[in-house]
Amino acid sequence: MKKRFERFLSSTLLLSVLVVLVSNLILILTKINPQVVNNVWSISFIISWVIMLIYPLYILMEKETRGYSIFVAIISIIVFAILSYHALLVVSNYTPLLPKYIAVDERISSYWQELFYSGLIIIYIVHLLNVILLNRLRSKEIKNND
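If you want my numbering, it's the 1-based position in the sequence shown plus 1459.
Treat each hint with caution, since some may be false.
Now the in silico label distances, taken between C-beta atoms and shown as ranges [what the hints assert, rightly or not]:
| hint | residue 1 | residue 2 | range |
| --- | --- | --- | --- |
| 1 | R1466 | I1537 | 38 to 48 Å |
| 2 | E1565 | R1463 | 10 to 20 Å |
| 3 | V1495 | T1471 | 14 to 24 Å |
| 4 | R1466 | E1565 | 11 to 21 Å |
| 5 | L1596 | L1512 | 40 to 50 Å |
| 6 | I1487 | P1558 | 22 to 32 Å |
| 7 | Y1544 | L1516 | 16 to 26 Å |
| 8 | Q1572 | Q1494 | 45 to 55 Å |
| 9 | A1562 | E1523 | 26 to 36 Å |
| 10 | A1562 | F1467 | 17 to 27 Å |
| 11 | L1516 | K1490 | 37 to 47 Å |
Keep in mind the hints are simulated off the structure, nothing from the lab.
Even for Gly, the Cβ is constructed at its ideal location relative to N, Cα and C.
Assemble the whole structure, with the sequences as input and the hints as a guide.
Next comes the structure, spelled out in structure tokens:
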């Protein structure tokens, strides 16, 4: 029960990243309005980006944290930083307070898709392993309590 919120954050991040990755396939394979798919993609990406910030903060503030959870938190912080440029561009579509264009190094803008999808796939795999390990930990706790 102690790791319930951590499990919730990892599961939510997994679902939102999965929606981001699958929405491209939906756009290609179906005849759904691209604007609807774009909005779903944007909202899912922003949710996953925000959870990438909340998860490490929660893990690093918790007293009893496992070693792998700390590793996942560090990876989440790194991927959060990598995806910040893209997230700010997506948020700028919905918020007039942010500029529509952000000046960055040419290397980042020329490899943005590789950085973006690599970051999402890495965070997906790491959090998937975390959810599996947390479920094993929960099943061991249930067996010990019985």
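So which hints don't hold here, by number, going up? 1, 2, 4, 5, 8, 9 and 10
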